[in-house]
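Protein chains in written order, with the numbering used here: chain A, 1 to 794; chain B, 1 to 337.
Just to be clear, a hint being listed does not mean it is correct.
[Claimed, not checked] No more than 25 angstroms apart at the CA atoms, straight line, and that leaves these computed lysine to any residue pairs for SDA-like: (1) K46(B) <-> G781(A); (2) K292(B) <-> S591(A); (3) K46(B) <-> I495(A); (4) K24(A) <-> H421(A); (5) K490(A) <-> K292(B).
Read the hints as simulated data drawn from the structure, not as lab findings.
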Amino acid sequence: MNISYNWLKEYVDFDLEPAELADKLTHAGLEAVITETLPDYFESILVGHVISKEKHPDADRLSVCMVDLGDGEPKQIICGAPNIEKGQKVPVATVGTTFPGGMKIKKAKLRGVLSNGMVCSENEMELSDDQSGIMVLDEASPLGTNMKAYLSGNDVSIELDLTPDRSDALGHIGVARDLAALLGVEMRKPVIELEESSTATSSLMRVELEDPDGCPRYAARIVKNVKIGESPAWMRQRLQAAGIRSINNVVDAANYVLMETGHPLHTFDLRYIEGDKIVVRKAHKQEKITTLDGKERELDETVLLICDAAKPVAVAGIMGGENSEVQADTTDLLLESAYFKPVVVRRGAKKLQLATDASHRFERGTDPNGIPYALDRLAGLIVDLAGGELTNGQVDAYPEPIEPLEISMRAERCNAILGTHITVESMSAILNGLELSHSEKDGVLTVTVPTFRPDIEREIDLIEEIGRIHGYNNIPLPQHFSIANKINKKTPDQIRERFIDHFAAIGFNQIYGNGLLSIEEHPAVFGDEEALTLANPLSREMASMRSSLLMGMAKVADHNINRRQSDLKIFELGQVSTLDLESDTGAREASHLGVFISGELQPKQWSQEAVEADIFHMKGILASTFEDLLGLELTFKAAEHELFTNAVDVVLGDDKIGTLGNLKQLNQNLKSVSGVYAELRLSETLGLERNIQYQQVSAYPAVERDLSFMIDANIPYEQIDETIHKYAGKSLIYSRLYDIYEGKSIASGKKSLTFRLVFQNQKRTLTEKEIEKDFRRILKGLEDAYNATLREAI
Amino acid sequence: MSLFKKVDELRSEFKQALASNPALSDLERLKQKYLGRKGVINDLFKQIKDVEADRRGEFGGLINQLKTDVQDLIDAQVRESHSEEQASDSLDVTLPGVEYTRGTLHPIESTLRDFKRIFHRLGFAVAEGPEIETQWRNFDALNFPPEHPARDMQDTFFLENGSVLRTHTSPVQIRLMLEEKPPIRSIMPGRVYRNEAIDAGHYCLFHQVEGLYVDENVTMGELKATLELFCREYFGEAVKLRFRPSFFPFTEPSSEMDVSCFLCGGKGCRVCKQTGWLEIGGCGMVDPNVFKAVDIDPEAYTGYAFGMGIERIAMMKYGITDIRLLFENDVRFLKQF
Numbered sequence: 001m002n003i004s005y006n007w008l009k010e011y012v013d014f015d016l017e018p019a020e021l022a023d024k025l026t027h028a029g030l031e032a033v034i035t036e037t038l039p040d041y042f043e044s045i046l047v048g049h050v051i052s053k054e055k056h057p058d059a060d061r062l063s064v065c066m067v068d069l070g071d072g073e074p075k076q077i078i079c080g081a082p083n084i085e086k087g088q089k090v091p092v093a094t095v096g097t098t099f100p101g102g103m104k105i106k107k108a109k110l111r112g113v114l115s116n117g118m119v120c121s122e123n124e125m126e127l128s129d130d131q132s133g134i135m136v137l138d139e140a141s142p143l144g145t146n147m148k149a150y151l152s153g154n155d156v157s158i159e160l161d162l163t164p165d166r167s168d169a170l171g172h173i174g175v176a177r178d179l180a181a182l183l184g185v186e187m188r189k190p191v192i193e194l195e196e197s198s199t200a201t202s203s204l205m206r207v208e209l210e211d212p213d214g215c216p217r218y219a220a221r222i223v224k225n226v227k228i229g230e231s232p233a234w235m236r237q238r239l240q241a242a243g244i245r246s247i248n249n250v251v252d253a254a255n256y257v258l259m260e261t262g263h264p265l266h267t268f269d270l271r272y273i274e275g276d277k278i279v280v281r282k283a284h285k286q287e288k289i290t291t292l293d294g295k296e297r298e299l300d301e302t303v304l305l306i307c308d309a310a311k312p313v314a315v316a317g318i319m320g321g322e323n324s325e326v327q328a329d330t331t332d333l334l335l336e337s338a339y340f341k342p343v344v345v346r347r348g349a350k351k352l353q354l355a356t357d358a359s360h361r362f363e364r365g366t367d368p369n370g371i372p373y374a375l376d377r378l379a380g381l382i383v384d385l386a387g388g389e390l391t392n393g394q395v396d397a398y399p400e401p402i403e404p405l406e407i408s409m410r411a412e413r414c415n416a417i418l419g420t421h422i423t424v425e426s427m428s429a430i431l432n433g434l435e436l437s438h439s440e441k442d443g444v445l446t447v448t449v450p451t452f453r454p455d456i457e458r459e460i461d462l463i464e465e466i467g468r469i470h471g472y473n474n475i476p477l478p479q480h481f482s483i484a485n486k487i488n489k490k491t492p493d494q495i496r497e498r499f500i501d502h503f504a505a506i507g508f509n510q511i512y513g514n515g516l517l518s519i520e521e522h523p524a525v526f527g528d529e530e531a532l533t534l535a536n537p538l539s540r541e542m543a544s545m546r547s548s549l550l551m552g553m554a555k556v557a558d559h560n561i562n563r564r565q566s567d568l569k570i571f572e573l574g575q576v577s578t579l580d581l582e583s584d585t586g587a588r589e590a591s592h593l594g595v596f597i598s599g600e601l602q603p604k605q606w607s608q609e610a611v612e613a614d615i616f617h618m619k620g621i622l623a624s625t626f627e628d629l630l631g632l633e634l635t636f637k638a639a640e641h642e643l644f645t646n647a648v649d650v651v652l653g654d655d656k657i658g659t660l661g662n663l664k665q666l667n668q669n670l671k672s673v674s675g676v677y678a679e680l681r682l683s684e685t686l687g688l689e690r691n692i693q694y695q696q697v698s699a700y701p702a703v704e705r706d707l708s709f710m711i712d713a714n715i716p717y718e719q720i721d722e723t724i725h726k727y728a729g730k731s732l733i734y735s736r737l738y739d740i741y742e743g744k745s746i747a748s749g750k751k752s753l754t755f756r757l758v759f760q761n762q763k764r765t766l767t768e769k770e771i772e773k774d775f776r777r778i779l780k781g782l783e784d785a786y787n788a789t790l791r792e793a794i
Numbered sequence: 001m002s003l004f005k006k007v008d009e010l011r012s013e014f015k016q017a018l019a020s021n022p023a024l025s026d027l028e029r030l031k032q033k034y035l036g037r038k039g040v041i042n043d044l045f046k047q048i049k050d051v052e053a054d055r056r057g058e059f060g061g062l063i064n065q066l067k068t069d070v071q072d073l074i075d076a077q078v079r080e081s082h083s084e085e086q087a088s089d090s091l092d093v094t095l096p097g098v099e100y101t102r103g104t105l106h107p108i109e110s111t112l113r114d115f116k117r118i119f120h121r122l123g124f125a126v127a128e129g130p131e132i133e134t135q136w137r138n139f140d141a142l143n144f145p146p147e148h149p150a151r152d153m154q155d156t157f158f159l160e161n162g163s164v165l166r167t168h169t170s171p172v173q174i175r176l177m178l179e180e181k182p183p184i185r186s187i188m189p190g191r192v193y194r195n196e197a198i199d200a201g202h203y204c205l206f207h208q209v210e211g212l213y214v215d216e217n218v219t220m221g222e223l224k225a226t227l228e229l230f231c232r233e234y235f236g237e238a239v240k241l242r243f244r245p246s247f248f249p250f251t252e253p254s255s256e257m258d259v260s261c262f263l264c265g266g267k268g269c270r271v272c273k274q275t276g277w278l279e280i281g282g283c284g285m286v287d288p289n290v291f292k293a294v295d296i297d298p299e300a301y302t303g304y305a306f307g308m309g310i311e312r313i314a315m316m317k318y319g320i321t322d323i324r325l326l327f328e329n330d331v332r333f334l335k336q337f
């Protein structure tokens, strides 16, 4: 909402520059920014004086005018408007002005005569739809003033970004009330004096509330014989600063009172109200109304309607009907000021998908007891601007008056919450400033909360008001503060952080993927994923929650590979979710680790060869990570998987926790992606703690032996390794596959393997004999199991 | 015993060869001769079968020992030669060092870590919760009345079953307060979702760190002091903090918090849109209705809560002008952090 700096001064005296005012309001919770409501092109449109007007020699409809712009050098301007006359003050778009449509004013010859600018109509300046002729300005307008200054009346527009609880501040009076409280001064509301005819309004109009729940109060007035016309400059300037376009004097008056009191009002053309009555009722299913914006809308029972004896004439609290709209020839008006329940207007606005200035306010709560004031204010303003006679009194249907709440606030409690030492007197002064009348006894302030503050319902709400006006920045900072002597339940994030740190330390880039994917993008990494879909997605591409990290990872890989960044080492540790009907959210969430490598892990350098990414690197990285971080041994089992070639299951204890392999193409859009991917479920792992118990380092020497043997080429390493350990005995503390050789000197169908074996004993030096015995036993085991034959030990 | 003798001979022969201080290339040849596939020691292994059965073990041990010794001596000599070479001028020490590729933490991660570290020092535990929540924990328990405009403050993604993608990490506060009795002093980092059009300043998801302290006699002054301490630690001693009244359903009183712009020091610049201030989060005193929802007596306990957006602060800190860069994960971007 925009407010006007000048307008605010009507209700409260203050001596603040616009920027200071904005700052003051911001610190009271009404976030304020100075804003421009007039576009820049108004700056080069100047007030000019038509000194002379001649007929164009070659064009009947054009006039050649000399226009003084106040710079002492009158300009020759060609004008085609019928209403231009010598002696007028007019807006002149000078050379260089660019209008929003792109039209740029240049020096140009029109039928052979030079024109140095353009005299503008309201339509051309986008001030109104009036294109009947040029805009004629007030005679007293100062020459050469730019139209920005002229139109704003040197006002400043301030944009307020209000929180939804502050419905009271949706009008100048509400803002002025806060400002008065902040400044410690009095606020004044316009005093209304009305002249009424002897005809009672109630003799001309009845109001029937069929739904007093949805509409607890409906008041109306009648004005006869008004003359619809333009609003005066002061009104137009005010509305301009408030960001509202001028329509005509009656509609402008209603908008003016809206912006003044915050109360939405509506004006009907009385001649279209049939049966001399207003009925407020729920709409029927499929009932239709054409609203002021010209759209036919289908309704249902959630929408509240204002009707006459025969038909709906407005959607309550949202928008009027086209059938009863005030027009240029309207003479008699029915004025509406009503209170609708916030939730009713909210449902109606949601149903119609229509948000208006009125619905915005009704949804947030207007003042049911401010209705007569707003209605009288509107009536008085209309009579002032458009003439007419006001009939006697309001018709006011208000079967069950809404009473102000009475709430107590303990001064001590207030200070205990805020951490302040505000005196009872100061609190009382703040409440007075906010028009919260109250009494005080023994440090308890009993407050009657006016109905214009529906946000104040409890003691704590009053405490906030005290804090707000006292100023949050005036709340002192304690020099010490307490820390609870308790260990709170915590999420085990240390292991997760160590995983992340570990991968970063070995050269991986951590990614944060988008968790929203299209419903087709859920490759079955684990096979049991059932993805969760959104009821109201932002787009088809982001219509479901990721059930694994793979698709997000592949998209990141694709992005990078397409930008010639194909040597990738990236990982993500993030949440995935799948359907789980057992859970109260319908979802099960888990922490997954996704790792992707592609291209070269290490580039070729002068001192070393390039290292290419393959599944064995992935296995090694994962195994060493678990070993280092948790002291746990991962095992790997060859597997089949539709997403991978050379798939390998990752096993921890007896549980498969993940899969790795060479990624196959996931879809047509991800053709570029090739590399090794691994995804692991970490939820249980992250809860573990590594239990380290020191092991004494043996004081006796370790002995290395290399074991080299020939074996059938098709026997997998895994089995050979198992056999070695089965026969090794306790002294074998380490073994490593050192070399694999297949080729020339090896019989076909055979391979040669060399293991480096390390033997050591905790308590003594191993003898040559003991080692030889172990060595032979291993060899014998391999011979018996696979017909392995010893090669020369290298 | 010729084979046993041969072992001794080979050993002395090798020592002699080594004593002549061979060059690196000679050492390589020696290695081939003694240790190679067709080397002399391998020959000995092949002859094990010729040794009497009861002495084979002894012989095997002997040649293994020889092999180990030869290997050790050659290695030692190679090392020595290398260090001599390095000591000599012939080594071009200006050759580049071996490159090790460096890994990186994502900027959201490192910002989160900074937050956790500071709040940890201030006595806050870390609590987390699921990203998919019930409407009750995300809204109702947090004093968002049904059909209230406050629900529009956070554009919400719904699942088909009515659950929501949490719009803030506040549901973790609800979980915590239901699970344990005060005092509670925790921060709640995590990913949250908003159904907003994506542009340079907005993304459909982002990360928050919220904090909650519930105990007897917790005041708004203490909330301010805690956040000020955090900001001084994170943004530097010179930072100034200001609090502006605001509205959040789950706190009353509620406040926005701004820090003085660290780029211009509060004078006004492009980053702070000439205001001198940067908005970093919201805070306030836990609303009594929230306490009632989780069965904590609001007369006995008071509490404060605060929340900050990680991306927003990371972007300010690192000068990132488009939030989408954080989720695009271009490695040329990632490697800068």
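### Task
Could you check the structure against the hints above and give me the numbers of any it violates, in ascending order?
Numbers 2 and 3, in rising order.
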